[in-house]
Each structure stands twice: as C-alpha cells, then as structure tokens.
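Trainee: So the chains spell out like this:
There are 6 protein chains.
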Amino acid sequence: MKTIYITRRETFNAAHKLWREDWSEEKNWEVFGKCSNKNWHGHNFSIYVTVKGVPNENTGFVINLKELSQILKDEVVEALDHKNLNLDVPFLAGMLASTENMAIQIWERIKEPIAIAGGELVKIKLVETENNYVEYYGGKEPF
Amino acid sequence: MKTIYITRRETFNAAHKLWREDWSEEKNWEVFGKCSNKNWHGHNFSIYVTVKGVPNENTGFVINLKELSQILKDEVVEALDHKNLNLDVPFLAGMLASTENMAIQIWERIKEPIAIAGGELVKIKLVETENNYVEYYGGKEPF
Amino acid sequence: MKTIYITRRETFNAAHKLWREDWSEEKNWEVFGKCSNKNWHGHNFSIYVTVKGVPNENTGFVINLKELSQILKDEVVEALDHKNLNLDVPFLAGMLASTENMAIQIWERIKEPIAIAGGELVKIKLVETENNYVEYYGGKEPF
Amino acid sequence: MKTIYITRRETFNAAHKLWREDWSEEKNWEVFGKCSNKNWHGHNFSIYVTVKGVPNENTGFVINLKELSQILKDEVVEALDHKNLNLDVPFLAGMLASTENMAIQIWERIKEPIAIAGGELVKIKLVETENNYVEYYGGKEPF
Amino acid sequence: MKTIYITRRETFNAAHKLWREDWSEEKNWEVFGKCSNKNWHGHNFSIYVTVKGVPNENTGFVINLKELSQILKDEVVEALDHKNLNLDVPFLAGMLASTENMAIQIWERIKEPIAIAGGELVKIKLVETENNYVEYYGGKEPF
Amino acid sequence: MKTIYITRRETFNAAHKLWREDWSEEKNWEVFGKCSNKNWHGHNFSIYVTVKGVPNENTGFVINLKELSQILKDEVVEALDHKNLNLDVPFLAGMLASTENMAIQIWERIKEPIAIAGGELVKIKLVETENNYVEYYGGKEPF
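Just so you know, the protein sequences line up as chains R, A, C, F, X and E, in that order. Mapping the first sequence onto my numbering, position 54 (from 1) lands on 354, and the numbers just tick up by one. Mapping the second sequence onto my numbering, position 30 (from 1) lands on 330, and the numbers just tick up by one. Mapping the third sequence onto my numbering, position 134 (from 1) lands on 434, and the numbers just tick up by one. Mapping the fourth sequence onto my numbering, position 96 (from 1) lands on 396, and the numbers just tick up by one. Mapping the fifth sequence onto my numbering, position 127 (from 1) lands on 427, and the numbers just tick up by one. Mapping the sixth sequence onto my numbering, position 45 (from 1) lands on 345, and the numbers just tick up by one.
Hints in this document: simulated from the structure, not taken from any laboratory. Computed from a predicted structure; not experimentally measured. Beta carbons: idealized from backbone N, C-alpha and C, even for Gly. Careful: at least some of the hints might be erroneous.
From the structure, some residues in chain E lie toward chain A, with a derived Cβ separation under 8 Å [as the list claims (entries may be wrong)]:
#, residue
1, E375
2, E400
3, N401
4, E430
5, N432
6, V434
7, E435
8, G439
9, F443
Just need the whole structure built from these sequences, with the hints factored in.
Mentor: If you want it as structure tokens, here you go:
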C-alpha cells in the first residue's frame with residue numbers, strides 16, 4: 301500500500317483590503333500598512349490543493365485530476381475569480397480577508413467534495429505574491 | 301559604438317475594473333466580461349522598462365540601475381502599488397484602466413526622468429497575468 | 301495614434317519525433333539525436349501570440365483578449381493538445397514536426413481569424429523547453 | 301546533530317498515454333479523457349529528489365550533489381529522457397504510466413544507489429505540468 | 301484553534317567558494333569540483349522562511365509580514381547581500397560556506413527575533429540555483 | 301523563404317565586482333554601490349542566444365540546437381561558469397565586468413562559430429537577476 305500525494309494548481313485574480321471597520325484609519329494603517337487602502341488593491345492568487353491516497357489499481361490514480369480540477373473550479377475559482385474578497389464572497393463575509401483566513405475557509409468548502417470524489421484533502425497552499433504564501437493542513441502540525 | 305538595451309523589473313499589486321459609466325451593466329458585461337465586476341478585482345503586475353544606450357566608458361553602464369530603479373519606484377510603484385487604478389491614480393483618471401492605457405500613460409510619466417538620467421526609454425512591458433501582457437515602444441512599430 | 305502590442309499565452313502538451321522516413325535509423329540519429337526516438341517523446345509547449353494595433357477608443361483594447369484566447373483555443377489548443385504532432389495534426393502532415401515548422405504553420409492558421417477579430421498578428425513565440433524556443437514574425441526580419 | 305534536507309532537480313521530456321488494453325476506447329476516454337489518445341502525448345517532466353542527513357564535518361555536505369546528480373542522470377534521465385514511458389522503459393512495463401506510478405518506481409530505482417552514496421532518500425516530487433505534480437515519501441505519511 | 305504556516309521570501313546575491321585551507325588544491329578539487337575555484341564564484345540566493353501559528357483574532361495574521369520581512373532584511377539580507385560568504389560574514393566564519401551550513405546558521409540568527417515578534421520559526425528553505433536547495437526544520441525530522 | 305528566430309538558453313554561476321582601481325573606495329561606492337564590495341559578490345546568470353535563418357528543407361532546422369548548445373558550452377559556459385569574471389576570464393580582462401560589457405564580449409566570441417555552423421547570431425540576452433538583464437543585437441538598433 302503506497303500512499304502518495306497529488307497536487308493540482310488553479311489560479312484566480314481578486315481584489316481585497318485588510319481593514320477593520322471598528323478601527324480608525326490610523327489604526328488600520330498602523331497594523332495593515334498599504335494593505336489597508338480603503339479603495340482596495342488586488343493580486344493574482346495561485347492555489348495548490350494536495351490530496352493523499354493510494355493509487356487505484358484500475359487507474360493508477362490517487363484521484364482523477366479532472367474531477368479534482370472541476371471541484372476547485374466550482375468551489376474556489378467560480379467563487380473568487382475576478383471578485384472582491386471582502387464584498388462578493390459569502391463564505392468570507394464578516395472576517396478579515398487575509399490569506400490565512402482564505403485558506404482556512406477554502407479548506408472547509410472543498411474537504412467534503414474531495415472526500416466524495418474518493419480523496420483525502422491534506423494541504424492547501426495559497427500564494428498571494430512571489431514573496432509570500434500560506435500553507436494549511438486542516439489545523440494539523442506536520443512540523 | 302555599441303548600442304545595448306538594459307531592462308529593469310519592478311512589481312506592484314493593484315485593483316481595477318474595466319467599466320464604462322455610460323454603458324449599461326449588460327453592455328459592460330458583454331464587452332468586458334468578468335473584468336467588469338463593479339466591486340473590482342486585482343492583479344500582481346510586473347513592469348519591465350527597457351533603456352537603450354552605449355555603455356559609458358567610465359562605468360560600463362548604459363544607465364545606472366540604481367537610478368533607473370529609483371525613478372520607477374518614485375513614478376510607478378509609489379503611484380500604483382496597493383492602489384485602485386480607477387480611483388487612486390490621477391494620471392489614469394477618466395480613462396479605461398486597461399493594460400494598454402496603463403503602459404501608454406506610464407511611458408509619458410517616466411520618459412523625461414529617464415532622459416535626465418542619461419538614458420533613452422525605448423520599451424515598456426507590462427505583465428498582468430502569466431497569460432497576458434502588453435508591450436509599448438512609444439508608438440513606434442519595430443515589427 | 302499609439303500602436304501597442306498585446307500578447308496572449310496558451311499551453312498544450314504533445315508528443316512528436318524528428319524523423320525522416322527516407323533516412324536510415326543511423327542518419328536520423330546522427331542529425332536528430334535523442335529527438336529521433338521512433339517511439340516518440342513529448343513536451344509541454346507554451347505559445348505566446350502577439351497582436352499589434354491601436355487601443356480602441358471605446359474599450360481601451362487592441363483586441364479583446366477573450367476573443368483572442370478563443371481563437372487560440374479553437375485553432376491551436378484543440379488541434380494540438382494531447383496529440384501526436386506527426387500523426388494527429390492535418391496541418392503538420394508530411395513535414396518535420398520541428399518547432400520552426402510548427403510556428404510557421406500555426407501562423408497561417410490563426411492570421412485570418414485574428415484579422416477578422418480586428419487585430420494584426422505580428423509574432424508567434426513557441427516555447428518547447430525552458431532551454432529553447434522559436435520566434436516567427438511571418439517571415440519579416442525585425443532584427 | 302543537525303538533520304537537514306537537500307534537493308536536486310533534473311528534467312526529462314517523454315511521451316506517454318493513459319490507456320488500458322483491456323478496456324474499450326470509450327471506457328478509456330471516459331476515465332482518462334484526452335490523456336488516452338492512442339497516438340500518445342507528452343510532457344516536460346521535472347523531478348526533485350530530496351535526501352536527508354547531517355552535514356558531514358569534513359565537507360559541510362549532507363550528500364555530494366555531484367554524486368546525487370550523477371545517480372539521477374544514470375538511473376532516471378538516461379532511462380526516461382526522450383523516451384516513450386509505455387514502450388521504452390522496462391521498469392514501467394505493464395503498468396499505467398501515471399505520475400503516481402512513475403514516482404513509486406523511480407523511488408525503488410534510486411533508493412539503494414543514494415544509500416550507497418551515504419544519503420537517505422526521503423522524498424520524490426515529480427512535476428508533470430505547471431498545474432499538477434505528485435509527491436512520494438516512500439509510502440510514509442508525514443501529513 | 302487553526303494552526304497555519306506562513307512563508308516570506310527574500311533574495312540576496314553573494315560570492316563564495318567551497319574550500320578547505322587544510323586540504324591541497326587537488327583534494328579540494330576532488331571533493332568540491334568547480335565550487336572550489338580559489339577566485340570564488342557566486343549565486344542569486346532565495347530564502348523562504350516559514351512561521352507557524354494561529355491567526356490572531358484581531359488581525360487575521362499568524363505574524364505581521366511587514367515585521368517578518370524587516371527581521372529578514374536586518375538579519376539575513378543586510379548580512380549576506382553582495383557579500384563574500386567566506387570573508388565578510390562573521391556568523392559564517394571558520395566554516396564551509398555550504399548551503400547546509402548557511403541554513404543552519406541563519407536559523408540560529410532569526411529564531412529569537414521571530415519569537416519576539418510572536419511567531420514560531422519552523423522551516424528555512426535556501427535555494428542556491430534552479431537545480432538545488434536545502435530545507436532545515438531546526439534539526440527536527442518531519443519526514 | 302520563411303525567416304525564423306531560434307533561441308537557446310544556457311546558465312552559469314559566477315563572482316564579480318564593479319570596481320575601478322583608479323578610483324577611491326568612496327568613489328567606487330558612490331557609483332557602483334553594493335556591487336563594489338572589494339571581496340566580490342555573485343550571480344546565477346542565464347544567457348539566451350538567438351540565431352536567425354530559414355529552416356533547412358532537409359531538417360526543418362534553422363540551426364541544429366545540439367551544435368548551438370555545444371558552441372555555447374565551449375565558448376561561454378566553460379569560460380565563465382564557477383569563475384571570477386574579473387580575475388579568471390581572459391576576454392573580460394581589463395574592463396568593467398558589467399552585464400553590458402559581458403554581453404558585448406560574448407557576442408564577439410560566439411559570432412564566428414555560429415556562422416560556421418550555418419547560423420546568423422542576431423541577439424544575446426544576459427539575465428543577471430530576476431530584476432535586470434541586458435539585450436545586445438551586435439550594435440544594431442531594432443527599436
């Protein structure tokens with residue numbers, strides 16, 4: 301039984317700001333800096349979703365990448381691409397649109413569909429710029 | 301006399317939308333598609349600025365990259381990074397915030413400072429996503 | 301009148317071999333080396349297609365990237381993705397499947413549809429590996 | 301004792317198809333989609349091989365990268381580069397040429413030579429396209 | 301309590317050689333090959349620093365990336381950028397300037413400042429070329 | 301007659317400094333900044349060499365990439381890889397080791413061998429970091 305990990309990348313482009321309504325503009329600037337611009341800024345995001353499993357004897361696949369890609373298109377890209385993360389995305393409403401929170405909420409959204417497709421979601425990597433990204437293992441701490 | 305071309309890259313992250321106030325929402329959608337989302341979307345932009353010249357005998361440089369980088373930081377990154385291209389940028393006001401228009405306006409903004417620093421601006425490449433970019437030669441048509 | 305250049309990237313994965321039926325195996329090996337493996341090899345190709353024009357006053361666009369992308373999907377990706385370039389592609393039949401020949405044939409295939417969409421095709425860049433690519437300007441020689 | 305991980309990348313270009321002889325063409329298409337094209341397709345593969353160890357006091361190395369690179373050239377690149385993964389590779393014969401299976405078989409092939417060179421193979425990452433890759437830890441499940 | 305991992309990249313360009321004064325030139329060549337050139341060679345290094353934590357309820361952040369970036373600029377880039385790793389860097393003095401040793405020494409240097417900023421350093425990835433990098437988890441062995 | 305352009309990339313890692321012996325340390329710092337560090341720094345360089353021609357009817361090639369790669373290995377990589385550009389490279393002796401000068405000297409070195417192999421050298425692109433590169437057309441000015 302050979303456990304293996306397979307990863308699919310999808311991309312989306314979105315606007316957001318880091319801003320708390322209950323803070324003054326000065327306080328927002330102090331904590332969030334340029335990211336607090338009231339008029340928004342944006343990014344090209346890349347998301348890498350990793351599924352763990354044993355290759356199926358009939359197909360050689362841990363999960364069919366066509367199915368995994370479709371889940372990500374339906375649940376992530378459709379919801380986030382060319383959107384405002386603070387205004388347009390119900391599952392991010394009422395929280396700070398940080399990459400940390402985005403990764404956690406995306407996890408909750410895709411875990412079940414991936415399980416139904418026969419895979420086990422074990423990692424999300426969300427890349428915001430060439431200089432920063434977050435990784436989320438469902439709360440687990442592999443290191 | 302050996303003419304050579306030197307290029308410097310800078311990056312900025314910004315929000316924008318492709319939207320005409322004098323068009324209906326349907327018309328905007330028909331022409332601009334997802335890019336017309338009223339609540340904005342955004343990108344990680346990369347700009348490559350090319351300067352032409354003959355290496356200076358004393359320095360081996362066409363232009364000092366420290367100076368070129370400083371011009372780009374002052375005139376481009378400071379003006380566009382973490383900004384809303386439709387709302388926050390005086391030199392883009394009143395026009396569609398397409399990559400084409402951005403490149404043309406940036407050209408007008410940096411041509412003179414680069415000339416003062418001893419270089420001749422000959423090309424701007426503005427990359428919006430891994431799948432699309434524009435190149436502008438000041439209106440010239442090398443091919 | 302500000303002429304500007306806009307480029308769209310698409311990708312496709314294909315098999316091919318460099319092989320002449322009228323040459324011996326030894327001669328094929330001597331000229332084409334590893335690329336002459338009778339059982340094929342393959343690549344992830346990227347194609348960058350550049351269109352020249354003046355931004356439309358109504359849209360700010362040289363060409364609508366949705367339309368350009370659709371042309372490339374219909375005429376290039378549909379024809380070449382997950383295909384054998386020697387066996388499955390009518391417009392490459394009977395010629396060596398070199399990147400040079402591919403670029404020239406793709407040019408002939410997309411020039412007219414791009415013109416109908418209002419653009420002028422001026423360059424194709426076809427990337428075969430991180431170490432080699434060809435560029436074709438329709439036979440023109442900008443340098 | 302400071303355990304550290306060192307990784308070497310090598311590349312190879314190969315053709316393959318996902319196809320079961322005991323299935324109909326329709327069934328192959330249903331499961332494997334475009335990847336089932338009978339005439340093959342191909343990819344530029346990148347393989348990242350990770351070795352764990354404590355830096356040698358005399359050399360500062362976990363493993364000499366020249367040796368690791370040579371092992372990968374001998375055992376992986378020589379066997380797979382410019383080859384047909386279904387037809388030309390004895391150690392992949394009789395199985396589906398999925399990236400999952402490739403990673404598992406490559407592991408078996410290089411584990412011993414790396415051990416002889418003084419390293420412990422702990423991970424293989426096999427990248428098929430910019431959008432998908434597999435990771436194999438010898439069957440272990442770090443997360 | 302959702303543990304998440306956030307990573308920041310910084311870059312620096314430096315010269316070094318792999319060379320032991322107590323070995324002959326022949327012995328140095330035998331072990332270190334081209335890297336033993338007495339007159340030095342160099343690289344563009346990228347360092348990826350990963351911090352683990354639970355997003356702060358007030359900010360949505362594991363650690364403020366502005367602070368993390370400043371620590372890396374102060375402790376790593378300032379010390380290593382445009383430097384000779386064998387001659388100019390006190391914390392690398394007297395040891396082989398291998399990527400393994402660099403990663404270990406950088407860990408010791410940034411662990412405390414990151415802790416003071418409220419984060420837990422859990423991984424350093426140091427990339428020397430597109431073909432090799434090391435990863436260090438403070439001596440831990442996640443796999 | 302279809303003129304086409306083909307490009308081959310090679311890489312090398314080298315140390316250098318920007319430094320004039322006839323200038324004071326202060327003057328060197330003022331002009332060259334960090335690049336004037338007396339103890340050297342270094343880079344991973346990439347060189348892209350472009351050859352122009354008409355595909356050969358027998359081979360489909362403008363130039364055989366195996367031959368072009370061999371010329372670059374013999375004349376560029378062998379001379380520059382893991383070298384000190386100021387001390388170890390006869391064809392750069394006595395001049396500032398700027399990317400501009402490097403590109404011009406490499407041109408002189410490879411033009412003739414490429415002509416003998418049946419190609420016409422038309423462009424060298426020399427990339428020093430992800431943020432800067434030079435392009436040289438043999439002194440011609442395509443734009």
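Trainee: Hint by hint, which ones does the structure fall short of?
Mentor: The structure breaks only hint 1.
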